[in-house]
Amino acid sequence: MESDKKTIVYFHLEKGQNAKKHFWNTFRMPCVNIDMGEEYELLFYKVPEFYGGGQPWDKQRLFETLSAQLEQTEAWDYYLQPELSVLLEMKEKLPPEILLHMVVKQNLCWEYLFLIGWNAADDEFGEEGSFQRMDAMEEQRRIFAVLLQKYLPRINHFTVVTDRPEMYMDFTDYVYEEYGIPAAYVNKLEKRLGKNKKTVILDGRPRYVPPYAAIPEEASYIDFWSENEKRKVLEKKRKDIRYLSTVKFLDTLAKNGYNTRVNQTHTHAEKK
1 MESDKKTIVY FHLEKGQNAK KHFWNTFRMP CVNIDMGEEY ELLFYKVPEF YGGGQPWDKQ
61 RLFETLSAQL EQTEAWDYYL QPELSVLLEM KEKLPPEILL HMVVKQNLCW EYLFLIGWNA
121 ADDEFGEEGS FQRMDAMEEQ RRIFAVLLQK YLPRINHFTV VTDRPEMYMD FTDYVYEEYG
181 IPAAYVNKLE KRLGKNKKTV ILDGRPRYVP PYAAIPEEAS YIDFWSENEK RKVLEKKRKD
241 IRYLSTVKFL DTLAKNGYNT RVNQTHTHAE KK
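149 is the number that UniProt numbering gives to position 149 of the sequence shown; each next residue is one higher, with no gaps.
Everything labelled a hint here was simulated from the structure, so no lab data went into it.
Take every hint as true, because none was put in to throw you off.
Listed next, with one range per pair, are the computed distances between beta-carbon atoms:
1. Ile181 <-> Arg207: 26 to 34 Å
2. Gly53 <-> Glu89: 19 to 27 Å
3. Glu217 <-> Asn33: 34 to 42 Å
4. Val186 <-> Lys105: 21 to 29 Å
5. Gly53 <-> Tyr185: 52 to 60 Å
6. Asn196 <-> Gly54: 43 to 51 Å
7. Lys197 <-> Phe63: 40 to 48 Å
8. Ala68 <-> Ile181: 41 to 49 Å
9. Gly53 <-> Asp170: 50 to 58 Å
10. Tyr151 <-> Ala184: 12 to 20 Å
11. Ala184 <-> Arg61: 48 to 56 Å
12. Glu166 <-> Pro30: 42 to 50 Å
13. Ala68 <-> Glu229: 27 to 35 Å
14. Glu229 <-> Gly54: 20 to 28 Å
Think of the CB as a built atom: it goes at the ideal place given N, C-alpha and C, for glycine as much as any other residue.
Turn these sequences into a full structure, and let the hints guide you.
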């Protein structure tokens with residue numbers, strides 16, 4: 001009987017590893033199959049940093065290799081480790097919602113909620129890209145609404161950190177109408193707001209520098225973009241903060257081998 005599960009593919013960059021030891025070898029990309037319940041399965045592919053002999057991949061070859069894997073698996077959705085996106089010179093994308101949901105689900109201390117939203121300084125679209133910007137903001141608001149639906153009844157205080165409050169008013173109006181939670185707006189976090197052990201920060205802003213001094217003790221920091229710089233800042237400056245991200249969650253899942261099986265996937269790489 002054919003499985004009805006939706007397949008999500010995650011490509012993870014393996015630092016220092018070579019795809020091929022010799023040019024005549026066939027490239028085999030290790031894959032960990034992670035059972036995610038009745039609806040989804042996750043294929044965790046380990047992508048070597050180099051093609052062979054420490055030589056970098058040709059970007060087109062790497063793109064074609066990963067694209068062929070997506071086609072072969074008939075993937076429903078995919079996610080690239082951010083460092084791999086940089087290697088491919090591709091714009092990073094948010095993880096599939098099911099993965100973000102599993103990350104959010106790890107947090108237990110909901111009471112004070114802070115949403116790090118879009119700022120004018122982060123606008124990459126420019127004046128000519130107003131429709132693109134609105135589409136991106138609408139998608140972000142939709143994802144927040146889906147992810148938080150289960151947890152909003154437990155929230156007592158909600159703050160949006162943005163210098164564009166008008167972009168979030170539809171969402172905050174919804175939260176107030178449905179759950180009676182009024183939203184406060186601040187341009188940036190400059191002092192400690194929230195409550196120790198009861199504060200959750202959802203960071204939806206790329207390249208944002210966490211204001212570590214302004215975060216309450218033992219807060220949960222959920223990074224939607226899984227940026228190494230954010231993780232390193234918090235690990236160095238605030239070891240009490242619980243950092244959560246899709247990449248950290250997936251790496252832990254694969255490392256622990258929970259409900260997994262390992263196989264080798266053959267990809268037809270060209271010979272020189």
